[in-house]
Structures are given as structure tokens and as C-alpha cells.
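Here is how the chains run, residue by residue.
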Amino acid sequence: DGGITQSPKYLFRKEGQNVTLSCEQNLNHDAMYWYRQDPGQGLRLIYYSQIVNDFQKGDIAEGYSVSREKKESFPLTVTSAQKNPTAFYLCASKVREGYNEQFFGPGTRLTVL
Amino acid sequence: AQSVTQPDIHITVSEGASLELRCNYSYGATPYLFWYVQSPGQGLQLLLKYFSGDTLVQGIKGFEAEFKRSQSSFNLRKPSVHWSDAAEYFCAVGILTGGGNKLTFGTGTQLKVEL
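Residue numbers (the numbering used here), protein chains in the order written: chain Z, 87 to 199; chain G, 98 to 212.
Chain G extracted, bound-state conformation:
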């Protein structure tokens, strides 16, 4: 069965520092990968997605992610974190089932930004 692992439950970085959030997936076929961000008490917003092609994908708010098939990873990065980036981040893998397409989510990484 497919699964997504986000090994870091909480991460704290200083404003202006670089950020990397880890995501590892397990899926037998070609993965379709997503990163979402959630502010407290809100819905999820898509940051970026990978379907095929260039393994380095750019997203909104200055985020990027790199797909590494050999490591089954899709880590999210940002060169310089802003205080407004404090939120919870979810990695997800899209799968195709008999009932249609669905997403499997990781358990999330809570990002705290120190000023």
C-alpha cells in the first residue's frame, strides 16, 4: 500500500535561514507528488506539484521541491524563510484506484519561525 512519511513533526528556523522539509513516499507506480500548506484553522493551499519531467519544481511563495526517484523523496526547500511561512506543511502522493484518483497524505511538519 502507498504511504508518505514526513519524519520531522516540528521544525524551528530563524527568519532568513534556509529550510528543507523532508518527505519520503512508498508507491509501486510512478508517483504524482504534492506539497500543501495549512495555516491554523484553515484549509490547505497547494504549494507545488510534480507529475513528470524536470525533477526540480518551482512553486508559489518561493518554494521549490526536488523529486529523487532513487531515494523515494520529494523534499521541500526555501532559500530564505519569512515569518509568514510559519504553518503546517503536508506532503501527499496521488494514486489511481478502481474508484478514481485520491491522495495519501503524510502526517505533516509544523514549521515555527523565530524572529
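Bound conformation, chain Z alone:
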């Protein structure tokens, strides 16, 4: 079945450590996105990528980094510079052209202790 996988489902880290969240898709989509979700704030865009080896900052990129070395993969690193990293992180993908909908993965809940 085609879809988006995010691993792990739950992730715990100590304060000051970098952590990388995985996002893989087998939908053959060019565009991929990372969102952060906090209660009462909806989804906020962290980074997005329209094509391999290219990515753009979203609305809240500070303290995060990404790479896009393969079409299928778009990992997100939450660095120690992110002041409040505990949140639910969602990855999405879509075909690059047009305004087609984004498809979402199941999310990773990151808790920084």
C-alpha cells in the first residue's frame, strides 16, 4: 500500500540533545512538508521541499533542520536550539504541480525531558 510512514510514534529525549524524526513516502510525490502541532494552534509549517536537494523554510524554521537527499525521504532534525521542542510532528507529501491535497503521515510525538 502507498503511504507515508513516520517513525517512531513516540520519542523521548533529554534537553540539549538533537533528535531526528523520520519521514518516508512511497507515493512518488515530489513535494514534502513538515508541520508542528500544538494544542489550540493548528498546524504550523516548519520546512518544505518541492524537489530533491532543495527545501524552503516555513513559518517556524528556527531550531530545526532538514535534508532531502532522496525523493522518498525528508528527515527533520530538532536541534538543541529549539526552545520548546515538545510537540506532535506531522509529515506530508503531495504531487508538486497544482493545488492537489497533501497526504499526511501518522505523526511523531516528541517529548523533551
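Hints were generated in silico from the structure; no laboratory data involved. Every residue, glycine too, gets a C-beta built ideally from N, C-alpha and C. Warning: the hint list may mix true and false statements.
Claimed, not checked - Across the chosen pairs, the derived CB separations fall in these ranges:
(1) V138/Z - E161/G: 34 to 42 Å
(2) K157/Z - Q99/G: 24 to 32 Å
(3) T152/G - P94/Z: 41 to 49 Å
(4) S166/Z - D151/G: 45 to 53 Å
(5) D151/G - P94/Z: 40 to 48 Å
(6) E161/G - L113/Z: 22 to 30 Å
(7) L113/Z - K165/G: 26 to 34 Å
(8) V138/Z - I157/G: 29 to 37 Å
Stated by the list, open to error - In silico DSSO-like pairs for lysine-lysine, Cα to Cα no more than 27 Å straight-line:
(9) K209/G - K95/Z
(10) K158/G - K146/G
(11) K143/Z - K100/Z
(12) K143/Z - K169/Z
(13) K146/G - K165/G
(14) K143/Z - K146/G
(15) K157/Z - K146/G
(16) K143/Z - K156/Z
(17) K156/Z - K95/Z
What the hints assert, rightly or not - Coverage of chain Z stretches by chain G, computed from C-beta distances (three or more under 8 Å per stretch; other residues unrestricted):
(18) 126-133
(19) 136-144
(20) 175-188
(21) 192-198
Add chain G to chain Z, keeping to what the hints say.
Frame of chain Z; chain G shown alone:
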């Protein structure tokens, strides 16, 4: 800048009653509009989308939405709510930027269904 407003943070309805979730957007060009649903701890699932044409769009699970340009609204409706509809609902507007297409989301409406 574009924005999406969902004025109702929480809504409670009885099972079998009708439902309307409000969404207002602000965007200078032709909007591309979406409604997504999210169950607790899960990703988002697309309910329906509006790109052009008929302003009343049908979606999955018996939902529909009506685009009203004059009111900058895209409200979601369902004639008879089922207990399984309890979830969080997000309205989003699609925009085109120099870096590509992206979505701006509202803050969501949490739906509770009373049996």
C-alpha cells in the same frame, strides 16, 4: 498575508443532529480550500476540497462544504452526525509561493458528539 479563521474552538452536538463548522479565509487570489479531519494522536485525513466550479462540494463520510466568495467562507456541513464523527476538524487554504505550493491551516474545531 493569507489566514484561516475557525471561530469555534469546541462544538458539541447530539448524535443525529445536523452540524455546521465555520471557516473564514483571507487570501488575495483565488483560494484553493480544504477540510481535513484528525482523530486523537493520528494524522490528518482529507474530507473534501474546492478548486473551482460548483461551489457546493461533496466529500467523504457524508460531509459537504459550500464556498461563498462574497463571505470569504467555506463552511463544512453534515445533515446527521454520527458518534464516530467526534474528532478535530481543520480548514486550510492552499497558496502559491516562490518556493512552491503550501497550506495555511486554521486552529481547528474540536467536535464532541453526545449520545
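Is the Cα-Cα distance between K146/G and K165/G 27 Å or less? holds (14 Å)
Is it true that the C-beta distance of L113/Z to K165/G lies inside 26 to 34 Å, as the hint says? holds (33 Å)
Between K158/G and K146/G, is the straight-line Cα distance small enough, at 27 Å or below? Given that 27 Å is the threshold and the Cα spacing comes to 14 Å, the pair holds.
Do the Cβ positions of V138/Z and I157/G conform to the proposed distance bound of 29 to 37 Å? Cβ of V138/Z to Cβ of I157/G: about 32 Å, so the range 29 to 37 Å holds.
Holds or violated: K157/Z with K146/G, Cα cutoff 27 Å? Holds. K157/Z to K146/G sits at ~26 Å (cutoff 27 Å).
Is the Cα-Cα distance between K143/Z and K100/Z 27 Å or less? Satisfied, since the Cα-Cα distance of roughly 26 Å is no more than 27 Å.
Could you see if the CB distance from K157/Z to Q99/G stays within 24 to 32 Å? holds (28 Å)
Closer than 8 Å Cβ to Cβ for three or more residues is the test here. Does the region 175-188 of chain Z pass it with chain G? holds (count 8)
Take a look at whether the Cβ-Cβ distance between S166/Z and D151/G falls inside 45 to 53 Å. holds (51 Å)
Does K143/Z pair with K146/G here, judged by a C-alpha cut-off of 27 Å? OK: K143/Z and K146/G at ~25 Å, within 27 Å.
Check whether the Cα positions of K143/Z and K169/Z lie no farther apart than 27 Å. holds (17 Å)
Within a Cα-Cα threshold of 27 Å, do K209/G and K95/Z meet the stated pairing? Answer holds: K209/G to K95/Z is near 25 Å, not above 27 Å.
Checked against the numbered hints given earlier, this structure breaks none of them.
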